[in-house]
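**Q** Spelled out from the first residue to the last, the chains are:
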Amino acid sequence: MFDVKRVPRDVRREIRHLKREGTRLALHVWRPEHPKAAIFYFHGLQSHAGWLWETGPRFAENDIAFYVLDRRGSGLSEGARDELADADTLLADYAAGVAEVRRAVGSAIPLGLFGHCLGGSFLAALMHDPEFDVPYDAVVFCSSWLGKLHATLSEEQRCALAADESDDPWNAGLASADFTADARFQRFIDEDPLAVRRLTRRSRSVLLNLERRYLDPSRSPLPEVASAFLSGHLDPIIDLNDAQRAFIQLTNGKGELTMLPTDRHYLLFTEARDRLINWTSAFVLLSGGDRVG
Amino acid sequence: MPNIGTTRAPVRTRTSPGETRWTTYWSTRRTAFATECGAARADLLADLADPNGAQARVLEDVVALGADSVHWRERGYDAVASAAPGAARTDAFRRLLPIMRYEDFIPLVERETLAKGGILSCSPVLRWLKTSGTTGSSKRVPYTQHWLTSYRIPAMQAMWGTYLTLHPEILDTPYATLDTQTVRDGTADFIEGVAYQAVSNRHPRLGGLDWNPPWYEAPWMGPDAPTSHEGRMYHRIRHLLGRPLQVITAINPSTLISLRDLLAEFGDRLVEDLRAGTFDGRPWNEPDADAADRLRLIVKDPDFALTDIWPTLRLYSCWLSASAGLYQRKLDKILPGVARLPFMSCGTEGVTTLPVDEATDAQPLAVGQAFFEFVPADVPLGERIAAGKPVRTLLFDEVKPGADYHLIMSQGNGLYRLWTGDLYRVHRVVDGVPWVSFTRRDGSFHSFTGEKLTEGQVTDALRCGFADLGLDMGLYLCGPQWAEPPHYVAVVETRLEDTHRADEISARVDAVLREINIEYGSKRDSCRLDSIRIHLVPRDAVGAYIENGRQHGNAAQYKYKPFQADAEFVAAFTGTQGDARV
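For the record, the sequence lines run as chains A and B. Here the first sequence is numbered in the numbering used here, starting from 1 and rising by one per residue. Here the second sequence is numbered in the numbering used here, starting from 1 and rising by one per residue.
No lab work stands behind these hints: they were computed from the structure. Possibly wrong hints are sitting among the right ones.
[To be verified] Chain A side only, calculated, beta carbon under 10 Å to chain B, not exhaustive:
| no. | residue |
| --- | --- |
| 1 | Arg12 |
| 2 | His17 |
| 3 | Leu18 |
| 4 | Ala26 |
| 5 | Glu61 |
| 6 | Leu76 |
| 7 | Arg184 |
[Claimed, not checked] A short, non-exhaustive set of chain B residues, derived as facing chain A with CB atoms under 8 Å:
| no. | residue |
| --- | --- |
| 8 | Ala115 |
| 9 | Thr149 |
| 10 | Glu192 |
| 11 | Ile385 |
Just so you know, these numbers come straight off a predicted model, no measurement behind them. Built from N, CA and C at the ideal position, the CB exists for glycine as well.
Chain A extracted, bound-state conformation (with noise of 0.2 Å):
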């Protein structure tokens, strides 16, 4: 049943590996010792699983095994650095990683998709993927601006930039001021170790192919899945506006709109991490089959 009471869990923490052609991923898991749903976390361009050292937990404490999958080449997957491999590789390395979570915490249970940000990109990549078949149960997109690319750059530049090969930098010019108030989370993501802060130009080639895959009227319709879009009531990263239409046509005015109060983009860096992770526990837990409709 649904707790509401909160009771400390002695939560199971493990990285698990994927072997894709050679190239070893980085699963992690935060899991309490009964899970009664799952979440598969989409981090985003610079972030990866050891940005969730105190959100896994917390996850795991509502009774949610939580798993992340630190993409290839960031966080503690192999892979190039910088660098995105092809859409195909990287939405079959998550689709991979989403089977061995759906594996793992068995099919009775509910399994909650959970993009954040950039990850909002590949996760709606992911479900548009008609190789993947993965049930899943509710989708939220957290500060995410689905279609970015598509709603900034001209036809033009979107061509030019579909045919840069470049192995020059892209710096992406995140600040960690906006990604959080608190000095302490600041002073994390300017010295991560771990963060991808540029990418190569032809990455970001990637990234619009990805959109494509999402954004094409002719796209597949997908399953009728509980669909969330969170975030501040502010956000300097992303024009929430413009994201926030790009969510509603992606679910076809079926998914719901929340905002927690936060002003900055990186919510679990935020005083309102708390909220965000029982709102998207509680909309996961209860998206379960006999709980639908």
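On the provided structure of chain A, position chain B as indicated by the hints.
**A** Showing chain B alone in chain A's frame:
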């Protein structure tokens, strides 16, 4: 002790504003705390009644935590989990996993700082514990959720369960107990975002199962109290002056002595605060001229005891064995007629013994806290480990009373088969459980007040200090000098023309020691240790002294040992006791 007549009544104070919130908290926690501590003590006693079962359970837990960790899988240690539970698994554990020094764990700790769990053990790292290292930098001990909730906090609760069983007055009133074992300081030190602080700093609480005594919200304990030793002590005294204090608990006996010394030092300030109803000069409560007068009379006496300030005192607790026992005479003087209980034997790396009664010479091995192994003290364990040579260890039921042993422990935080560097003496075996006490650090000679100064640290500090001043350094001898406060004394060879620079080099070496041993630095800051004093002697003077010793002892086995058990050697060079300066 002069007779101050009716002034021996406690110095009373009047209630200040703001007391209600924390005393209410105290009231709501009082019964639950007693219940939790009683249950933990019952668990401890059950473990001591079945030590084999307790050790087997701990090993199962260590294996369960480790087998799926990245490190165990990479090294193939996860094969231990395939061995049948019981003797076969114990054998596999001791055969497959090597004995480790802390420095052997450093590369793994580096990886764990990035992952925050999963590398060394399958539990989230909630905090990094800071403690003195032997190589110049502080250690980082992973404070995992599992270790916190299943080991460290139950150990605290079991010890307090013993205290409460023997002295229930601990919970008589919110003002009955002054607990200096624990502090609550904000930390500014983080490793990859995770707090890095001393184990005794229990702020903030890490979840609902973290340490939570009824006085957790007391103003003298909270994070608003000053962080300096003197400032925090003033806070404690001012808040508890005039209250019916019955129990003072500390880890180090030097803390209790410091409390009394600072009462004397702060006497005038305290008297003025009482008279004006202020707290460090700021308005706080009702003025109390009578209490101020009584306190003035008490602290005027140079030999006043803590029982003069608080006649209600019934109990104190702190480390009382090994070198800490040197403080006993002083403790008897400042706490006359007050009962005593020992603190557990522990380090940041884990708990070794837990008190179950008043015994001060030894305590039972805490068989439910770690999987323990022992190696006879005469085995040069450090050399063997460094050389990668096999070491045969003994289990807890194989040690002999009267013998000293190196301690190796596998804790539920991922630091498996850790050679602690501590030597323990087995005093007796009770119902199959060894009762042991910490005797000394391997390779070190002394720890007056928890600083655990090692030979390596002193050697490094001397070399560094001499080099900084451009002095030549030869052989040296170093030993502890008991005094108030105690200090270390060293005789060091140098060029004849530089032997007048003793004060200069003493100050320099003291400064280096403060840097490389944070406990030494902390105790120096709080005046619980005095500066190391160095006597400079001409070249070959120490060599000649050693040769003289060789001639009077077993020449074949005589070995230069820089560390001495005491400071008597100083007289051979100066004709004075070690305390005197050249």
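**Q** Does each hint fit the structure? Answer for all of them.
**A** Status of the hints after comparison with the structure:
1. Arg12: Given a least distance of 6 Å, the restraint on Arg12 (chain A) holds.
2. His17: holds, 8 Å
3. Leu18: violated, 13 Å
4. Ala26: For Ala26 (chain A), the interface hint holds, since the closest Cβ of chain B sits about 8 Å away, which is under 10 Å.
5. Glu61: holds, 8 Å
6. Leu76: Because about 6 Å separates Leu76 (chain A) from the closest Cβ in chain B, which is inside the 10 Å limit, the hint holds.
7. Arg184: Since chain B brings a Cβ to about 6 Å from Arg184 (chain A), closer than 10 Å, the hint holds.
8. Ala115: Check passed: Cβ of Ala115 (chain B) comes within 6 Å of chain A, closer than 8 Å.
9. Thr149: holds, 6 Å
10. Glu192: Holds - the Cβ of Glu192 (chain B) comes within 8 Å of chain A, reaching about 6 Å at its closest.
11. Ile385: violated, 28 Å
Of the hints listed earlier, those the structure fails to meet are numbers 3, 11, in rising order.
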